[in-house]
Amino acid sequence: MKDFILPDADFGTPARRSDKTVTLTIDGMDVTVPEGTSVMRAAAMAGIEIPKLCATDSLEPIGSCRLCMVEIEGRRGTPASCTTPAADGMEVHTQTPKLAKLRRGVMELYISDHPLDCLTCAANGDCQLQDMAGAVGLREVRYTPGANHFQTRQNGEANPRFEAKDTSNPYFTYDPAKCIACFRCVRACEEVQGTFALTVEGRGFEARIASGTSDFLNSDCVSCGACVQACPTATLQENAVIEHGTPDRAIVTTCAYCGVGCSLRAEMKGDRLIRMVPWKDGKANRGHSCVKGRFAFGYAAHPDRIRNPMIRETIDQPWREVSWDEALAFTAQRLRAIQAESGTGAIGGITSSRCTNEETFLVQKLIRQVFGNNNVDTCARVCHSPTGYGLKTTFGTSAGTQDFDSVEAADVVLVIGANPTDGHPVFASRLKKRLRQGAKLIVADPRRIDLVKGPHVQAAHHLALRPGTNVALLTAMAHVIVTEGLTDSAFITERCDAEAFADWAAFVSEEHLSPEATEALTGVPADQVRQAARLYATGGNAAIYYGLGVTEHSQGSTTVMAIANLAMATGNIGRPGVGVNPLRGQNNVQGSCDMGSFPHELPGYRHVHDAEARGVFERLWNVTISDEPGLRIPNMLDAAVDGSFRGLYVQGEDILQSDPDTKHVAAGLAAMDCVIVHDLFLNETANYAHVFLPGSSFLEKDGTFTNAERRLNRVRRVMAPMTGLADWEVTMALANAMGAGWDYAHPSEIMDEIAATTPSFAGVSYDLLEREGSVQWPCNAAAPLGTPVMHEAGFVRGKGLFVITDYVPTDERTGPRFPLLLTTGRILSQYNVGAQTRRTANTAWHGEDRLEIHPHDAETRGIAEGDWVRLASRSGETSLRATLTDRVSPGVVYTTFHHPETQANVVTSDYSDWATNCPEYKVTAVQVALSNGPSDWQEDYAAQARAARRILPAAE
Amino acid sequence: MTPDKLAYMANQIATAFARLPDDEAEAAIAAHIDQFWDPRMRARLLSLAESPNTGLSDRARGAAALIRRPETA
Ligand code: SF4
Ligand code: SF4
Ligand code: SF4
Ligand code: FES
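For the protein sequence lines, the chains are S and D, in the order given. The opening residue of the first sequence carries number 1 in the numbering used here; numbering runs sequentially from there. The opening residue of the second sequence carries number 1 in the numbering used here; numbering runs sequentially from there.
Next comes chain S alone, as it looks inside the complex:
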């Protein structure tokens, strides 16, 4: 509903793509539209609005309300314009006395079963039923209420047709009394979201909407909000609108949760954010969103947010609130003192994948220009650094190859080590739409993720491999493709390095790498591997989408290269519908990598050894840039324990909770003399900090995020920063306290500096983003409007490079003491360390982390559903409650890591990817046993955290 107050034109039916056009006349105006376009849409394109209730342009029309009827010369009757395709030479009349009379009759019937409490209705002024009553000139309702759905009592008795409101969902309310049975919600749930949670019960007048057999909260509903968006009345309504009234202005911005990067309209009333609504013209999301972006923004106004800078001499003291000036002077002085004692390289920083490109650029500039070293890293270290290494080696750039629209042209999709319905929900909806149209799906994952079998979607193959055997599985697929002659030799000859291909082909053909030979290792039946490989190689356009289940292994980089090898060998690179697509976790993890957040790379992925690239920055910044790679996060922590690394500026990350081997991280942090945490909340890392700089939320600043498709989307300030300063201003103030003399007045000036120094961003400016909405880098003279698909004419590195991918088992082995393999992941309603989502009503869906264990493994250990269990590894132990499920295979257990109480990373090991030190989150040998409750470590930790979070009352 709701496109009326803040209009985002609704054309009534979806756009059609066709090379052929047709021309018709509507109310005397000539209109030319693509063939297949409805008369309703054609009229809307000519600026003529035909009354409608059951049609909206995000859904296929069903022609049920009959309000949109028109008269067409030479045709009998009054066809529904939403289901009538426009044809050449048609002459359409949308307003005639006959139509007016018929429409009034339709409306009269609707209104006779609808309460007339418009003045006090939450959708007042934002209701299409109301609008249509006005549009058709309805003046009276001749029926006295007979059988109806809205009166609670009738003839002195309870009305059997009346249903009470469903308020179970924390974000929206379903009020059946106001339902006009247009089924827009049902269709939205099917067509847009792909969850099929809603059904129609009964027929005709008796037809009602139902969320399965239970209320919304306990149904299959994933709270994406698509039905609420589609509902033309107050039947499905956001609670915030019920509570505060309709918003009065809208600003388009970008979701700050995941790497899909949905464009959302922030709808405001004064400086209160009432609701987030997916923006139809957003090129990543095309008008859809998930529960996090749409509803879970309450954290931005949560009372836990820290509003004042705080400092303390040592971490056993309570925090002291101080002015910005005092905090910055204290910090600058400490950092300089450390450098004077222990050398230039003794301090560093961590950029945030949650912050904007501009902010990230400034943090790395602070480190390179002001700190004078390359000790900068980012949380991508713990997620997609292997993508950087792997794709750069094989293709020449770490960039994902496609845009999200590309999935619409895919015929076969291989999803490996990713769980899109939970991790990248809007992409998952777009993928499911394509699968319902007939594309084939292969899932390679130890766990039976939702995509494997869901409503109207079923994977052709689920390769349930043992955690840690990705390389063996992918190489076995390559073995099949090469030995069965399924390679695309034309592509390989033209586009790839011949010698490397020959070596690789000989390697993968070795008999001991065949599916049969590796079956015992991977646990995947050889026959399934063969069939999946054949399907991938011969099923048409084949696209690979992968996530952290690929990268977070000791062979993460090797796995990425194995994926790249497969795509090259089958020619699935360089056009829509194919490609290698890393699904990036955080909203701006792509951007933070692009902006030079790695200790060996300047912005634009140029190595610090590259004198020319260094020269660009040296001339502009007037300093010498070190040509030595800096420390990576795990190395920083190691060096801190050694005493050679003593100061760390952490912007918007919670490394203590998110990084593996918590005890090791804690020891590293505790050894430092100046830890500066710049964040919204006193996060877990802040327990070890000396300085806390309060951060600003994405609603409080201007900037850009770059999503997983390399798309730069604008983030727009919709309210003033709660602390007075946006994050980029804080970094600037810290730099200036250390003598930098920066004077940016607006983030657009930072973007101009990025464009001036970084070739792949040369064409980017805020003006361009205003004009185009968004662009995908590279964006420069060669591609002024950006690059949707990479490697179209040739690989960035010249010839694609096949790389030999020997399987090396991880040293994290199961044995008698630790017989099970733990793998980790996340779920839809919570986000990573949960700092945001735990502070919203999303906890209704996920109040705690649970351990998934196969019923066989549970039985042998005497574990029942919901029991507290002790999860122990060589690194440590924790306790949580168990859920019995056959989603995981025997021998494998699984948990999420959203809650600090669980501290799943106490358990994860110190092993990491050979090339990038990306930690091996996805494989840990563990034992599980019944326990009584939280472990000693959890209790000690909670006590330490409580002590470390004390804040002294402000001195008057």
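Simulated from the structure, these hints should not be mistaken for laboratory data. Take these hints with a grain of salt, some might be off.
[Claimed, not checked] Lysine to aspartate or glutamate pairs mimicking DMTMM-like chemistry, simulated, CA-CA at most 20 angstroms apart: (1) Lys433/S / Asp281/S; (2) Lys663/S / Glu50/D; (3) Lys5/D / Glu73/S; (4) Lys5/D / Asp910/S; (5) Lys101/S / Glu140/S; (6) Lys5/D / Asp642/S; (7) Lys453/S / Glu191/S; (8) Lys98/S / Glu60/S; (9) Lys20/S / Asp30/S; (10) Lys433/S / Glu60/S; (11) Lys392/S / Asp4/D; (12) Lys269/S / Glu700/S; (13) Lys280/S / Asp642/S; (14) Lys165/S / Glu140/S; (15) Lys20/S / Glu49/S.
[To be verified] Some chain D residues close to chain S (C-beta under 10 angstroms, calculated; not the full set): (16) Ile13; (17) Arg19; (18) Asp34; (19) Met41; (20) Arg68; (21) Pro70.
[Said to hold, decoys possible] Sample of chain S residues facing chain D (criterion: CB under 10 angstroms; computed from the structure): (22) Asn375; (23) Tyr605; (24) His607; (25) Asp811.
Just so you know, even glycine gets a beta-carbon here, dropped at the ideal spot from N, CA and C.
Since the structure of chain S is provided, determine the placement of chain D with the ligands on it from the hints.
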């Protein structure tokens, strides 16, 4: 960084290039370490390579000779 961990990391890199002949592998290991390791890590590795029985594989030890010397060690 404990010496064990450094040696482990260097050996892991060596394993990744196991398919190459000795000289190429050593060059590849050294190039990788030059590109990604900060000077203090390289300095430690070099000192590990000088003493026997520090857990370094033969190739990792061989690569050490080719590694860029850190300026300030
Ligand atoms: S919120 Fe989304 S998943 Fe739930 S019923 Fe509505 S459309 Fe379906
Ligand atoms: S709930 Fe809304 S969208 Fe669904 S049928 Fe009723 S009025 Fe239509
Ligand atoms: S899919 Fe990702 S970007 Fe889109 S609304 Fe959900 S969390 Fe935000
Ligand atoms: S809008 Fe066409 S029949 Fe309802």
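Hint-by-hint comparison with the structure:
no.	hint	result
1	Lys433/S / Asp281/S	holds (18 angstroms)
2	Lys663/S / Glu50/D	violated (32 angstroms)
3	Lys5/D / Glu73/S	violated (83 angstroms)
4	Lys5/D / Asp910/S	holds (10 angstroms)
5	Lys101/S / Glu140/S	holds (13 angstroms)
6	Lys5/D / Asp642/S	holds (13 angstroms)
7	Lys453/S / Glu191/S	holds (17 angstroms)
8	Lys98/S / Glu60/S	violated (27 angstroms)
9	Lys20/S / Asp30/S	holds (16 angstroms)
10	Lys433/S / Glu60/S	holds (13 angstroms)
11	Lys392/S / Asp4/D	violated (30 angstroms)
12	Lys269/S / Glu700/S	holds (15 angstroms)
13	Lys280/S / Asp642/S	violated (53 angstroms)
14	Lys165/S / Glu140/S	violated (28 angstroms)
15	Lys20/S / Glu49/S	violated (24 angstroms)
16	Ile13	holds (6 angstroms)
17	Arg19	holds (5 angstroms)
18	Asp34	holds (8 angstroms)
19	Met41	holds (6 angstroms)
20	Arg68	holds (9 angstroms)
21	Pro70	holds (7 angstroms)
22	Asn375	holds (7 angstroms)
23	Tyr605	violated (12 angstroms)
24	His607	holds (7 angstroms)
25	Asp811	holds (8 angstroms)
Hints 2, 3, 8, 11, 13, 14, 15, 23 from the list above are not met by this structure, while the remaining hints are.
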